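There are 2 protein chains.
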Amino acid sequence: MGRLINDGYDVVEEMLEGYTKVHSDYVRFSEESDRVIVSKVMSEEPRVRIILGGGAGHEPMFLGYVGKDFADAAVIGNVNTSPSPEPCYISVKEVDSGKGCLYLYGNYAGDVLNFDMGAEMAADEGIRVESVSVKDDVYSSTNFEDRRGVAGDLIVFKTAAAAAAKGYDLDKVVQLTEKANRNTFSLGVALSSATLPVTGEAIFEMNEGDMEVGMGLHGEPGIERKKLKPANEVIDEILNHLLERSPIKEGDETLVMINGLGSLPLMDQYICYRRVDQVLEEKGIIIDRSLVGNYATSMDMIGMSVTLVKLDNELRELLAASCDTPYFKQ
Amino acid sequence: MGRLINDGYDVVEEMLEGYTKVHSDYVRFSEESDRVIVSKVMSEEPRVRIILGGGAGHEPMFLGYVGKDFADAAVIGNVNTSPSPEPCYISVKEVDSGKGCLYLYGNYAGDVLNFDMGAEMAADEGIRVESVSVKDDVYSSTNFEDRRGVAGDLIVFKTAAAAAAKGYDLDKVVQLTEKANRNTFSLGVALSSATLPVTGEAIFEMNEGDMEVGMGLHGEPGIERKKLKPANEVIDEILNHLLERSPIKEGDETLVMINGLGSLPLMDQYICYRRVDQVLEEKGIIIDRSLVGNYATSMDMIGMSVTLVKLDNELRELLAASCDTPYFKQ
Numbered sequence: 001m002g003r004l005i006n007d008g009y010d011v012v013e014e015m016l017e018g019y020t021k022v023h024s025d026y027v028r029f030s031e032e033s034d035r036v037i038v039s040k041v042m043s044e045e046p047r048v049r050i051i052l053g054g055g056a057g058h059e060p061m062f063l064g065y066v067g068k069d070f071a072d073a074a075v076i077g078n079v080n081t082s083p084s085p086e087p088c089y090i091s092v093k094e095v096d097s098g099k100g101c102l103y104l105y106g107n108y109a110g111d112v113l114n115f116d117m118g119a120e121m122a123a124d125e126g127i128r129v130e131s132v133s134v135k136d137d138v139y140s141s142t143n144f145e146d147r148r149g150v151a152g153d154l155i156v157f158k159t160a161a162a163a164a165a166k167g168y169d170l171d172k173v174v175q176l177t178e179k180a181n182r183n184t185f186s187l188g189v190a191l192s193s194a195t196l197p198v199t200g201e202a203i204f205e206m207n208e209g210d211m212e213v214g215m216g217l218h219g220e221p222g223i224e225r226k227k228l229k230p231a232n233e234v235i236d237e238i239l240n241h242l243l244e245r246s247p248i249k250e251g252d253e254t255l256v257m258i259n260g261l262g263s264l265p266l267m268d269q270y271i272c273y274r275r276v277d278q279v280l281e282e283k284g285i286i287i288d289r290s291l292v293g294n295y296a297t298s299m300d301m302i303g304m305s306v307t308l309v310k311l312d313n314e315l316r317e318l319l320a321a322s323c324d325t326p327y328f329k330q
Numbered sequence: 001m002g003r004l005i006n007d008g009y010d011v012v013e014e015m016l017e018g019y020t021k022v023h024s025d026y027v028r029f030s031e032e033s034d035r036v037i038v039s040k041v042m043s044e045e046p047r048v049r050i051i052l053g054g055g056a057g058h059e060p061m062f063l064g065y066v067g068k069d070f071a072d073a074a075v076i077g078n079v080n081t082s083p084s085p086e087p088c089y090i091s092v093k094e095v096d097s098g099k100g101c102l103y104l105y106g107n108y109a110g111d112v113l114n115f116d117m118g119a120e121m122a123a124d125e126g127i128r129v130e131s132v133s134v135k136d137d138v139y140s141s142t143n144f145e146d147r148r149g150v151a152g153d154l155i156v157f158k159t160a161a162a163a164a165a166k167g168y169d170l171d172k173v174v175q176l177t178e179k180a181n182r183n184t185f186s187l188g189v190a191l192s193s194a195t196l197p198v199t200g201e202a203i204f205e206m207n208e209g210d211m212e213v214g215m216g217l218h219g220e221p222g223i224e225r226k227k228l229k230p231a232n233e234v235i236d237e238i239l240n241h242l243l244e245r246s247p248i249k250e251g252d253e254t255l256v257m258i259n260g261l262g263s264l265p266l267m268d269q270y271i272c273y274r275r276v277d278q279v280l281e282e283k284g285i286i287i288d289r290s291l292v293g294n295y296a297t298s299m300d301m302i303g304m305s306v307t308l309v310k311l312d313n314e315l316r317e318l319l320a321a322s323c324d325t326p327y328f329k330q
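Here the protein sequences come in this chain order: A and B. Letter 65 of the first sequence, counting from 1, is numbered 65 in the UniProt record's numbering, and no numbers are missing. Letter 242 of the second sequence, counting from 1, is numbered 242 in the UniProt record's numbering, and no numbers are missing.
Careful: at least some of the hints might be erroneous.
Identical copies look the same in the list; a pair holds intra-copy or inter-copy alike.
List time: in silico BS3-like cross-link candidates among lysine-lysine, alpha-carbon distance up to 25 Å [as the list claims (entries may be wrong)]:
1) Lys-310 to Lys-21
2) Lys-21 to Lys-226
3) Lys-40 to Lys-329
4) Lys-179 to Lys-329
5) Lys-249 to Lys-172
6) Lys-93 to Lys-21
7) Lys-172 to Lys-68
8) Lys-229 to Lys-21
9) Lys-172 to Lys-310
10) Lys-21 to Lys-283
11) Lys-249 to Lys-21
12) Lys-226 to Lys-329
13) Lys-226 to Lys-283
14) Lys-329 to Lys-166
15) Lys-310 to Lys-227
16) Lys-93 to Lys-172
17) Lys-229 to Lys-99
18) Lys-68 to Lys-329
19) Lys-283 to Lys-249
20) Lys-283 to Lys-172
21) Lys-227 to Lys-249
22) Lys-283 to Lys-93
None of these hints come from the bench; they were simulated from the model. Being a predicted model, the structure only gives us computed values, none of them experimental.
Whenever a hint applies, use it, and build me the whole structure from the sequences.
As structure tokens, this is what we get:
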């Protein structure tokens with residue numbers, strides 16, 4: 001694998017500098033922190049503000065969803081590392097309009113700790129900040145509270161943003177966001193490690209021709225490592241696990257997302273989607289909507305995940321609400 | 001490198017089946033050919049119809065730009081292989097509204113031959129079809145007519161579609177499309193080969209840690225193969241070649257596109273953009289607009305290209321015109 005960067009220690013600053021120049025219609029840097037990206041197209045009416053964050057290296061995840069009627073700010077850490085509390089706090093000061101803010105991030109210990117500290121700093125100034133950590137990776141734990149957040153981040157974030165855009169208060173936004181969180185189930189497969197910018201080396205070793213179902217976004221161990229199989233068999237295995245660990249059953253309406261982890265061609269992602277569609281149709285599970293593409297990556301990791309969202313009328317409507325950001329427009 | 005597919009001979013059919021299911025709001029298969037994707041949101045008023053095409057393996061290129069006020073159809077060949085004349089002809093029958101059609105493709109011998117034959121078959125039925133082949137790869141020849149088409153396809157296609165959407169006749173659409181073609185200049189760098197689905201192997205050998213500036217979308221030879229350098233130095237070298245082989249000079253207004261070839265992280269693409277921005281600012285060349293992302297890939301090739309478009313008021317307006325397709329919305 002190869003990367004096209006300068007000093008590996010400068011990747012986040014240089015990326016953010018490039019990003020804010022390209023998308024200057026949508027975003028700006030906070031004047032207080034070069035790790036806080038703020039929407040320039042934020043609603044003028046007071047609303048619950050939506051703040052996303054986490055480590056860099058998942059692009060377009062986090063910063064790509066800051067814009068109109070989606071996230072109001074994103075807080076970006078180093079590669080695969082939570083942002084520190086200070087920028088989390090600064091992001092609140094940048095966007096709060098008196099209705100409170102909601103932090104949204106994947107459920108990783110570092111993010112929980114640092115965003116919690118940011119929320120405490122904001123509370124000291126009388127600003128209420130709630131947090132929802134996304135927990136969609138069904139293999140990471142049998143206990144919901146211990147699950148990691150992976151591609152389902154997008155689903156939970158979008159639900160929260162749409163609820164905020166409807167003018168709901170912070171309690172109601174949190175309640176709807178948690179509903180999306182509990183109804184979103186993901187499982188991925190990796191064929192390679194990402195390349196770490198600082199070392200130029202793989203984060204972990206993986207033989208060519210191997211795969212690991214259940215691997216996390218940062219290379220967290222999955223179910224077992226074995227020889228790569230044809231796409232249809234891989235999808236069948238993923239769906240078996242997903243349906244076993246979710247309440248989704250015949251007659252349910254779902255949103256399906258295929259998320260590419262960075263280096264898996266779109267061609268392969270649509271081939272994977274085709275099989276998901278076949279299997280769910282056989283099982284009488286209804287696909288109301290589908291998304292395919294690189295929504296939350298692990299830089300140049302080869303792999304993908306399948307996310308199933310159990311829809312009801314409320315979630316369907318929130319997920320379909322219009323928004324306009326560099327990486328999500330509808 | 002690894003791919004997640006079934007039989008390598010079935011990748012195009014399976015991908016198109018998945019694609020048309022996911023994006024059924026935008027596209028359908030032609031009833032006459034499973035290699036012709038037709039817009040379901042085509043303008044109802046008679047217009048010049050825009051038909052894109054070429055080999056598969058460049059996704060989202062070609063099919064991803066079929067939708068509203070962009071392409072009306074796409075004709076898809078096998079991987080890295082032109083479609084045959086029959087589907088080219090069928091696409092015309094599907095979309096013509098009496099104002100004629102424009103075929104748009106990269107300048108490769110197979111595409112020229114097969115689309116020309118499709119146009120002759122249409123002419124036999126009294127339908128006028130013109131063709132513009134994109135020629136933006138400045139290193140591929142010093143002679144404009146012999147240049148290959150790479151990421152600049154997007155620029156030329158968008159210009160044509162916007163001109164058709166304004167209701168211009170076929171002659172005027174062709175004239176504006178050729179103007180975009182002559183004002184678009186690209187040069188890329190590759191760090192690896194793509195993996196061919198049928199063999200599961202690289203199309204050509206490349207040592208890890210090497211790069212080749214000027215390599216084509218299918219691995220056509222570039223300027224020289226040498227050790228990978230830091231991103232800023234690579235961009236400086238690309239811009240030196242690009243500016244030497246284009247008329248762009250101080251005071252000119254440009255559109256800049258960084259196109260990822262498939263497996264280069266967005267992080268790296270924005271780091272590359274940052275340097276392009278710095279260098280053009282130093283040289284007094286104005287960036288009016290910029291695009292960064294995977295617009296025309298070579299499946300899982302690691303690499304990127306820089307495209308500079310010399311703008312005038314007419315091109316700026318056409319490139320900014322609104323459109324709505326799965327992979328290009330504005």
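### Message
At most 25 Å between alpha carbons: which applies to Lys-283 and Lys-249, within, between, both or neither?
### Response
Within one copy only: 8 Å inside, 61 Å across.
### Task
Check Lys-68 against Lys-329 for me: Cα-Cα at most 25 Å, and say if that holds within a copy, between copies, both or neither.
both (9 Å within a copy, 15 Å between copies)
### Query
How would you classify Lys-310 and Lys-21 at a CA-CA limit of 25 Å: within, between, both, or neither?
between (38 Å within a copy, 19 Å between copies)
### Same-copy or cross-copy closeness of Lys-93 to Lys-21 [CA-CA at most 25 Å]
Within one copy only: 23 Å inside a chain, 44 Å across chains, cut-off 25 Å.
### Task
Can you give me the call for Lys-172 and Lys-68, within, between, both or neither, at a CA distance of at most 25 Å?
Classified as within: same-chain Cα gap 20 Å, cross-chain 37 Å, threshold 25 Å.
### Message
Within a copy, between copies, both or neither: which one fits Lys-226 and Lys-329 at a CA-CA cutoff of 25 Å?
### Response
neither (38 Å within a copy, 40 Å between copies)
### Task
Evaluate Lys-249 and Lys-172 at a C-alpha cut-off of 25 Å and name the case that applies: within, between, both or neither.
neither (28 Å within a copy, 56 Å between copies)
#### Entry: Lys-329 and Lys-166: within-copy, between-copy, both or neither at 25 Å Cα
both (17 Å within a copy, 24 Å between copies)
### Query
How do Lys-40 and Lys-329 come out at 25 Å by Cα distance, when the copy is not named: within, between, both, or neither?
both (16 Å within a copy, 19 Å between copies)
### Message
Within, between, both or neither: how does the pair Lys-227, Lys-249 come out at a Cα-Cα threshold of 25 Å?
### Response
neither (30 Å within a copy, 54 Å between copies)
#### Entry: Intra- versus inter-subunit Cα pairing at 25 Å for Lys-310 with Lys-227
neither (31 Å within a copy, 50 Å between copies)
### Query
Is it within, between, both or neither when you check Lys-21 against Lys-226 at 25 Å Cα-Cα?
Close neither inside one copy (43 Å) nor across copies (31 Å); limit 25 Å.
Going through the hint list in order, the structure does not satisfy hints 2, 5, 12, 13, 15, 17, 20, 21 and 22.
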